[in-house]
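Start from the sequences and build out the full structure, keeping to the hints where you can.
Chains A and B, in that order, give the protein sequences.
Add 2 to the 1-based position in the first sequence for the working numbering, that's all there is to it.
Add 47 to the 1-based position in the second sequence for the working numbering, that's all there is to it.
It is worth saying that the hints were derived from the structure and are not from the lab.
Predicted, not measured: the structure shown is a model, and the values here were computed from it.
Built from N, CA and C at the ideal position, the CB exists for glycine as well.
One or more of the hints may lead you astray.
[Unchecked claim] Cβ pair distances, simulated, as ranges: (1) 62(B) <-> 54(A): 40 to 50 Å; (2) 129(B) <-> 17(A): 41 to 51 Å; (3) 4(A) <-> 142(B): 26 to 36 Å; (4) 122(A) <-> 62(B): 50 to 60 Å; (5) 104(B) <-> 114(A): 10 to 20 Å; (6) 18(A) <-> 68(B): 36 to 46 Å.
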Amino acid sequence: EVQLVESGGGLVQPGGSLRLSCAASGFTFSTHWMHWVRQVPGKGLVWVSRVNSDESTTNYADSVKGRFTISRDNAKNTLYLQMNSLRAEDTAVYYCAKDRVAGSGSLDCWGQGTLVTVSS
Amino acid sequence: QSALTQPASVSGSPGQSITISCTGTSSDVGGYNYVSWFQQHPGKAPKLIIYAVSNRPSGISDRFSGSKSDNTASLTISGLQTEDEADYYCSSYTGSGTNTVVFGGGTKLTVL
Numbered sequence: 003e004v005q006l007v008e009s010g011g012g013l014v015q016p017g018g019s020l021r022l023s024c025a026a027s028g029f030t031f032s033t034h035w036m037h038w039v040r041q042v043p044g045k046g047l048v049w050v051s052r053v054n055s056d057e058s059t060t061n062y063a064d065s066v067k068g069r070f071t072i073s074r075d076n077a078k079n080t081l082y083l084q085m086n087s088l089r090a091e092d093t094a095v096y097y098c099a100k101d102r103v104a105g106s107g108s109l110d111c112w113g114q115g116t117l118v119t120v121s122s
Numbered sequence: 048q049s050a051l052t053q054p055a056s057v058s059g060s061p062g063q064s065i066t067i068s069c070t071g072t073s074s075d076v077g078g079y080n081y082v083s084w085f086q087q088h089p090g091k092a093p094k095l096i097i098y099a100v101s102n103r104p105s106g107i108s109d110r111f112s113g114s115k116s117d118n119t120a121s122l123t124i125s126g127l128q129t130e131d132e133a134d135y136y137c138s139s140y141t142g143s144g145t146n147t148v149v150f151g152g153g154t155k156l157t158v159l
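Encoded structure:
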């Protein structure tokens, strides 16, 4: 069974940092593009970042560029999102997702999400 | 990175068909055949129902179909069922140097 499990969310003060993890199983992680998508509870989906299979290509939404870093450890089947200089507007549920078509956004498997709350 | 435009809500009766539109630009929807549609029930993660404009993943009912014309993509759900009531989001790959993905604002489908 294809599965993604996020962890690392929690409460952090503005300006603080947090690292999210996404453990993958049930598929060949090292061959797939992976994404992070966020959603403020009750609001819509917002794309955050993507990384290709060997981490040679990474892309970010303008709203997080320079503050967030996506990475992966193919030996551990794990995707990461390092979030620095966090702002209140970064508060959201963060989902990791697997892409079935080479970074296109065809996200065919999603984790359950992890809630990040940025507040003093 | 402007969001794609979707109607906020649509509704239909069981057995009817509905169509949800998703309007972008020539830099996203119109420029690439990488439009996806997702279904999200309350409290659940999104689920892919259409990818690459008109392809259904394994296990997705053929009541769901996708299409695209110029800068507008469409999701049609035929034979509406009560369990189809959910939020629906479109997304598209965006090129033109940005190489990102953009989502629509979402459409709430109510099955009356």
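Each hint, compared with the structure:
| no. | hint | in the structure |
| --- | --- | --- |
| 1 | 62(B) <-> 54(A): 40 to 50 Å | 44 Å, holds |
| 2 | 129(B) <-> 17(A): 41 to 51 Å | 46 Å, holds |
| 3 | 4(A) <-> 142(B): 26 to 36 Å | 28 Å, holds |
| 4 | 122(A) <-> 62(B): 50 to 60 Å | 52 Å, holds |
| 5 | 104(B) <-> 114(A): 10 to 20 Å | 19 Å, holds |
| 6 | 18(A) <-> 68(B): 36 to 46 Å | 40 Å, holds |
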